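As they're listed, the protein sequences go chains W and D.
Residues are numbered in the numbering used here as their position in the first sequence, beginning at 1, plus a constant of 52.
Residues are numbered in the numbering used here as their position in the second sequence, beginning at 1, plus a constant of 122.
Note that these hints are calculated values from the structure, not bench results.
Do not take every clue at face value.
To give a feel for the contact side, a few chain D residues facing chain W, derived at Cβ under 7 Å [stated by the list, open to error]:
id, residue
1, Thr172
2, Arg200
3, Pro205
4, Tyr210
5, Phe214
6, Leu226
7, Asp228
Among chain D residues calculated to face chain W with C-beta under 7 Å, some are [stated by the list, open to error]:
id, residue
8, Ile126
9, Asp130
10, Arg136
11, His191
12, Arg193
13, Ser195
14, Met229
All of these numbers come straight from a predicted model, not from anything done at the bench.
Positions of the beta carbon are idealized from the N, C-alpha and C atoms, including for glycine.
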Amino acid sequence: MTGWHASDALVTRYANGSLPDPDAWSLEKHLESCGRCAARVSRAVRETPAGVVLAEVRETVLRTSEREAAEGALTARGTRAAPAVRTAGDARASGAHASTSGSASTSAASASASTSTPDHTTAAAPSRPYRRARLRGPRSLTTAPIGSRTARVLWAAGPAVRGAWSAAVLGVALAAVLLARFADFAGARPLLLAVAPAVPVAGVALSYGAHSDPLHEIAAATPSAGLRLVLTRTAAVLAVSLPLLTLAGALLPSSGAPAAATWLLPGLTLTLVSLALAGYVGFRAATAVTGGGWLCAVLGPVLTADGRLTARLAEQVSAYLDGAPAQGGWAAAAVLCAALLAARRPAYDRLDRR
Amino acid sequence: MPTIRVTDLHVRHRKTVALDSLDVDFGPGVHGLLGPNGAGKTSLIRVLATVAEPNSGRVEILGEDTGEHRRRSAVRRRLGYLPQEFGYYPGFTVREFVAYVAWLKDMPAAETPAAVERAVARVGLGDRIDAKVRTLSGGMVRRVGIAQAIVNDPRVLLLDEPTAGLDPEQRVEFRELLRELGASATVIVSTHLVEDVAAACTEVTLIDAGRVAYRGTPESLAALGETAAGVVGDNPIERGYTAALRAHRGPESAAPTAHPLEGAAR
């Protein structure tokens with residue numbers, strides 16, 4: 053800390069706004085660390101016309117916000133008691149200004165500096181409340197709960213979970229249960245287990261990328277873009293499909309197929325495989341290859357072989373899903389893909405080069 | 123001190139060259155980006171928005187190299203981007219749409235509702251904030267797009283054809299908003315409408331065939347139109363636009379081109 057302190061002339065010129073900008077900035081820098089000069093400057097500022105106005109504004113805002121708080125306790129929010137009370141949002145904003153301008157002496161000085169030095173950067177700020185008052189419609193007083201947790205979870209879910217995919221998953225689960233219960237369709241569980249691992253992959257296909265997300269171009273320029281948004285939406289897809297299809301499977305007769313929960317790990321792995329593949333070829337191709345590949349691997353041998361369809365299907369599904377070696381293989385593949393995802397994280401940022 | 127610095131930028135789309143060794147920088151203020159169709163305006167804006175990846179070159183925004191994955195999020199938090207075309211989720215209201223983008227931009231939950239109302243009011247849609255986006259006219263959807271771009275009070279604002287679909291009165295209001303935003307932020311506006319440039323921009327950058335053809339102020343571009351001989355155009359800026367393009371293309375291409383004003387007038 054140097055022994056330099058602001059001269060009285062400097063303080064006066066700062067307070068009345070006649071000090072050139074560079075000098076004002078260096079004084080402000082000094083005020084950040086010198087309480088004595090800050091106190092002198094804020095005293096000088098309070099005596100200027102701007103300081104008087106500021107004090108009045110502060111007084112009014114504090115009084116109205118107190119009154120609003122008192123009234124808010126009695127009546128519902130949104131009573132327009134005084135013209136100064138605009139909306140909850142406005143009152144909060146101006147309340148924050150009042151507290152910063154009035155509390156500490158240094159901030160009083162800086163606040164009044166911006167009111168007393170009319171330059172182009174501060175000129176924009178005062179027009180804002182004006183514009184708002186002019187443009188604000190009567191309906192804006194009703195605040196929808198956009199900050200609520202439910203809304204945020206729904207946002208995170210992405211296009212697939214909000215759109216037709218969710219309905220399709222519910223449809224598949226219901227159809228399987230109804231077929232087995234009322235039409236005595238014995239092959240319901242093997243068929244469900246054969247189709248289920250491809251369902252979250254389809255959800256991923258509908259969740260991200262220029263082809264399926266109408267907001268993609270906007271989202272791609274935000275910090276959420278890339279693997280982070282991909283994983284958030286994939287998690288939502290899994291949160292819907294895993295419990296629903298497993299529950300449906302558990303309600304079906306076994307018909308020689310493995311337990312309903314055996315598809316969980318393969319479903320997760322195929323999802324991760326498609327994500328890992330997407331880093332190279334994009335989401336549309338990756339999900340088509342993964343989902344289509346799985347369906348071919350399960351249904352292909354069934355359709356070409358002889359014998360009863362249900363038994364063949366159950367046998368094929370068991371071969372892929374049942375037993376420790378099969379599940380171990382799926383687990384290993386899942387870990388591998390997860391590692392690949394983590395390593396290739398930057399690749400997801402700008403997937404679709406035009 | 124420029125907030126955006128572009129060095130030796132190359133962008134190719136398959137075999138066509140969109141940007142060819144482009145060097146340009148932008149500081150705070152409103153910059154008009156002019157040029158014929160296919161000159162590379164949208165390519166440049168998409169690269170600056172960190173949406174498209176350049177084939178080579180360096181882009182520095184707010185002191186951060188956007189080529190580095192780790193630094194990109196910091197830039198994106200202070201970025202606003204209105205694409206030339208964008209979609210929306212059919213069920214969303216204006217408020218939900220803008221709030222969703224605020225969420226994508228990592229804005230604190232406590233500040234979001236007030237920021238959303240402010241952004242929507244600034245584009246003049248305060249009375250339609252709870253209307254479904256799909257019930258709005260094309261011009262209104264465009265304004266919703268502008269609202270989502272400015273919801274985080276961006277330091278760098280990139281607007282690709284923001285005035286397309288706005289009626290004359292809305293354009294006048296929008297230019298006022300542009301001047302207001304340009305007081306503190308770096309605003310880059312790609313446009314076909316020279317009136318927008320004349321009225322709202324502090325600087326003009328003319329791009330042709332992936333290179334900078336002209337840089338200056340709207341006044342200097344208009345002055346160029348006054349002095350150049352034999353150029354067509356209905357007003358000084360249009361004439362300046364034609365003259366600058368002709369000067370850039372050089373004597374061999376100075377022969378009358380098919381559509382010299384293709385980008386200047388609709």
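Those earlier numbered hints the structure runs against, lowest number first: Of the numbered hints given earlier, those the structure breaks are 2, 5, 8, 9, 10, 12 and 14, listed in rising order.
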